Amino acid sequence: LAKTTQPISMDSYEGQEVNITCSHNNIATNDYITWYQQFPSQGPRFIIQGYKTKVTNEVASLFIPADRKSSTLSLPRVSLSDTAVYYCLVGNGATNKLIFGTGTLLAVQP
Amino acid sequence: SAVISQKPSRDICQRGTSLTIQCQVDSQVTMMFWYRQQPGQSLTLIATANQGSEATYESGFVIDKFPISRPNLTFSTLTVSNMSPEDSSIYLCSVEGQGGYEQYFGPGTRLTVT
Chain A
1 LAKTTQPISM DSYEGQEVNI TCSHNNIATN DYITWYQQFP SQGPRFIIQG YKTKVTNEVA
61 SLFIPADRKS STLSLPRVSL SDTAVYYCLV GNGATNKLIF GTGTLLAVQP
Chain B
1 SAVISQKPSR DICQRGTSLT IQCQVDSQVT MMFWYRQQPG QSLTLIATAN QGSEATYESG
61 FVIDKFPISR PNLTFSTLTV SNMSPEDSSI YLCSVEGQGG YEQYFGPGTR LTVT
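Line order of the protein sequences matches chains A and B.
Per my numbering, the first sequence starts with residue 1, numbered consecutively.
Per my numbering, the second sequence starts with residue 1, numbered consecutively.
For the record, the hints were derived by calculation from the structure and aren't laboratory data.
Any given hint could turn out to be false.
Claimed, not checked - DSS-like, lysine-lysine: derived pairs with alpha carbons at most 27 Å apart: (1) A:Lys52 <-> A:Lys97; (2) A:Lys97 <-> A:Lys54; (3) A:Lys54 <-> A:Lys3; (4) B:Lys7 <-> A:Lys97; (5) A:Lys69 <-> A:Lys54; (6) B:Lys65 <-> A:Lys97; (7) B:Lys65 <-> A:Lys3; (8) A:Lys69 <-> A:Lys3; (9) B:Lys7 <-> B:Lys65.
What the hints assert, rightly or not - FRET-style restraints, in silico, Cβ to Cβ: (10) B:Gly52 <-> A:Glu14: 48 to 56 Å; (11) A:Ser74 <-> B:Gln51: 31 to 39 Å; (12) A:Gly15 <-> B:Ser81: 45 to 53 Å; (13) A:Pro76 <-> B:Gly52: 39 to 47 Å; (14) A:Phe39 <-> B:Ser27: 17 to 25 Å.
Unchecked claim - From the derived model, a few chain B residues whose C-beta atoms are all more than 12 Å from chain A: (15) Arg10; (16) Cys13; (17) Gln22; (18) Asp26; (19) Gln51; (20) Gly52; (21) Ser69; (22) Leu73; (23) Pro85; (24) Glu86; (25) Thr112; (26) Val113; (27) Thr114.
Predicted model, so just to flag it, every value in this text is computed and none were measured.
Even for Gly, the Cβ is constructed at its ideal location relative to N, Cα and C.
Build out the structure end to end from the sequences listed, making use of the hints.
Next up, the structure:
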């Protein structure tokens, strides 16, 4: 299963768009990609899921290039409350193998 | 989405003892998962638990150390056996959402072994 890596941290200001990239070079054909947000002392919270191309929901967009070796979570107009750790997860529905990325600490400043 | 609770929320245990962590879901689910998250680190899958079958363990985790029960579709337990300080971590359970891709997590159990 794909080994997933992310930048350790990112800084942003309120109102900016933030893009967090996850690298999963060994992703398999049947693997899917999901992203989670985690606040201190809480379990991760599901944000978005995709397989290829672009997916958008009410809180984020997910961009996946054709080779699927990376994915980018885009958060529009971040606020202070978006300060959290963001994880990508590559999973396989058939085998239930689930690999979390290394996590990116996003710090949003006023 | 599912609402998941875990007990205990935290505990301090002596080495050599065992602790059983409970995970309760507010709806019936097929797939439940147990993770370990060491301080400041990412999550590592310990095992997958389906009701009515033996849990499937990931590489590096064994049933003797982390026995799991899954007696029904809303409940599971994870036992951390013969604990050592290296077992100090946060243990989280999760369930698979209806879409088959998303997971919903409990708040975690913070375990400290002295």
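A quick look at each hint next to the structure:
1. About 19 Å separates the Cα atoms of A:Lys52 and A:Lys97, which keeps this hinted pair within 27 Å; it holds.
2. A distance of roughly 23 Å separates the Cα atoms of A:Lys97 and A:Lys54; the hinted pair therefore holds under the 27 Å criterion.
3. Taken as a hint, the A:Lys54 and A:Lys3 pair is honoured in the structure, with Cα atoms around 22 Å apart against an allowance of 27 Å.
4. For the suggested pair B:Lys7 and A:Lys97, the alpha carbons sit about 26 Å apart, so the restraint of at most 27 Å is met.
5. Between A:Lys69 and A:Lys54, the direct Cα distance comes to roughly 14 Å. Compliance with the 27 Å bound is thereby established for this hinted pair.
6. About 20 Å separates the Cα atoms of B:Lys65 and A:Lys97, which keeps this hinted pair within 27 Å; it holds.
7. A distance of roughly 25 Å separates the Cα atoms of B:Lys65 and A:Lys3; the hinted pair therefore holds under the 27 Å criterion.
8. A threshold of 27 Å between alpha carbons decides the hint, and for A:Lys69 with A:Lys3 the separation of about 10 Å falls inside it, so the pair holds.
9. Restraint check for B:Lys7 and B:Lys65: the C-alpha separation of about 19 Å stays at or below 27 Å, so the hint holds.
10. Hint check: B:Gly52 to A:Glu14, Cβ distance near 49 Å, so the stated range 48 to 56 Å holds.
11. Taking 31 to 39 Å as the suggested C-beta distance range, the pair A:Ser74 and B:Gln51 conforms, at roughly 37 Å.
12. Distance hint for A:Gly15 and B:Ser81: a CB-CB separation of about 50 Å, consistent with the stated range 45 to 53 Å.
13. Here the CB-CB span from A:Pro76 to B:Gly52 is close to 44 Å, well matched to the stated 39 to 47 Å.
14. Distance hint check for A:Phe39 and B:Ser27: the Cβ-Cβ separation is about 24 Å, which falls inside the suggested range of 17 to 25 Å.
15. Not every CB of chain A lies more than 12 Å from the CB of B:Arg10, the least distance being 10 Å, so the non-interface label is violated.
16. Distance check on B:Cys13: its Cβ is at least 19 Å (rounded) from any Cβ of chain A, clearing the 12 Å threshold; non-interface status holds.
17. At roughly 15 Å, the least C-beta separation between B:Gln22 and chain A is larger than 12 Å, which holds for a residue marked as non-interface.
18. Every C-beta of chain A lies more than 12 Å from that of B:Asp26, the closest at about 15 Å, which supports listing it as non-interface.
19. With a minimum CB-CB distance of about 14 Å to chain A, B:Gln51 clears the 12 Å threshold, and the non-interface call stands.
20. With a minimum CB-CB distance of about 15 Å to chain A, B:Gly52 clears the 12 Å threshold, and the non-interface call stands.
21. The non-interface label for B:Ser69 is consistent with chain A: the shortest C-beta to C-beta separation is roughly 18 Å, beyond 12 Å.
22. Every beta carbon of chain A lies more than 12 Å from that of B:Leu73, the smallest distance being close to 17 Å; the non-interface claim holds.
23. Against the 12 Å criterion, B:Pro85 stays outside the reach of chain A, whose nearest CB is about 21 Å from its own CB.
24. Once the 12 Å rule is applied to beta carbons, B:Glu86 is consistent with being away from chain A; the minimum gap is 20 Å.
25. Distance check for B:Thr112 against chain A: the nearest CB is about 14 Å away, which clears 12 Å, and the non-interface claim stands.
26. Its beta-carbon lying about 19 Å from the closest one in chain A, B:Val113 satisfies the requirement of being farther than 12 Å from that chain.
27. Look at B:Thr114: its CB is around 21 Å from the nearest CB on chain A, clear of 12 Å, so calling it non-interface holds up.
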